[in-house]
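Chemist: Chain by chain, the residues:
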Amino acid sequence: MAEPLIEKRIQEIASDIRVRGRYRERVLAELRVHLEDATERYEAEGLPHDEAVQTAIDHLGKSEAIGAGLRPQQTSRTWILAALPFAGLAMAGASARVANILHERGDRLWSSPLYTSVWLIGWLSIVLLCGSGAALFVRHRGLLARTGAAAAALLVMSSITLLVFYFANDGSFHRADPDTWRVLAITSGLLAIAALFAMMRRSRLVPLWPLPLAAGGLLLVAVHYLALHTGSLAQVGLGLLIAAAAALTVMLLTQRPIA
Amino acid sequence: MRSDRLRGHLRTLLLAAVAAHEPAHGYALISALAGASDGYFAFNEGAVYPSLHQLEADRMITSTWDSSTGRRRRVYELTASGRRQLEADAADWHRFRECVESVLKEVPWLNP
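Chains F and D supply the protein sequences, listed in that same order. The first sequence begins at 1 in the numbering used here and counts up by one. The second sequence begins at 1 in the numbering used here and counts up by one.
Bound-form chain F, shown alone:
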């Protein structure tokens, strides 16, 4: 039979800790069995039952301390958040492919409502989904969360810089002058490096940050240059995907747990 004092304490902790779903159930189950084990031990040492229960509860500590330590471990939420940038990327990639077909058909930005809608859906998908993902990620401390934050920052900045250059060139990625593109690509890469650095600092991706930062920056410069120079929307999407995957790999290989 459940001990009422233990159940009362578990319910108090349940309302105090801000974790959800299966992880919440796991935490409460672990704490409940902990209190039951501790009670049995104190009883075996000679304490009366009620005193044993109270001692076990006292030794468990305040629920604020438990909750504060648990909050970063909301794995189920983190998995959902991790999907956001990639959902944005997938939607943007699909939009870019459709836009490319429409562009080849002769549709142009603003003059064709369909083409304009596809474009806006694609870019808004990246900015909104990746941006919201990044904003939520930085509140978490897990490996996946920090990696997601960096990847989201990478994607958002890549998208924004490419969008700016697209509009700056009369709604086209095609340009005959390679020198102009070279300057634009390097500038956009530097901008993205600065943004990525800021996001990494905020998401506590500090240990060994120069390596992923340098790798991410170089990748961005390369991808932007190739994407802008070759001038295909599908290639731009593919380039972003490759950059994100490479950056993720670098992050995973170089990260260290932060105590």
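In case anyone wonders, no lab produced these hints; they're calculated from the structure.
Computed footprint of chain F on chain D, listed as stretches where at least three residues anywhere in the stretch have a Cβ under 8 Å from a Cβ of chain F:
{"no.": "1", "segment": "21-27"}
{"no.": "2", "segment": "36-49"}
{"no.": "3", "segment": "65-75"}
Only some residues are given here: those of chain F computed to face chain D with a beta carbon under 8 Å:
{"no.": "4", "residue": "Arg26"}
{"no.": "5", "residue": "Val33"}
{"no.": "6", "residue": "Glu36"}
{"no.": "7", "residue": "His59"}
Built from N, CA and C at the ideal position, the CB exists for glycine as well.
Following the hints, position chain D against chain F.
Modeler: Relative to the frame of chain F, chain D by itself:
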């Protein structure tokens, strides 16, 4: 002071406790640490679980449910990464202890 010092070493102590007693549940690990230190490592017990979960998130340990003893408990085991981390932490700790002892030996009135 002791509480702060313990907090800084909690991850290493938990890794060592898991390595020594795996598969073991949270309360068993806390009891093992208290027992091995003759009560010196007396933690705020509830705070141990977030540290265990953080170690699991960092893939240093894994956990599964176990009902073999009647109660359903989450039991923890060391991973290969956890073993490497513990080896590194232990080497670091031995070096640190040697250095502190060397410095303390230079104080004459501490070593009559």
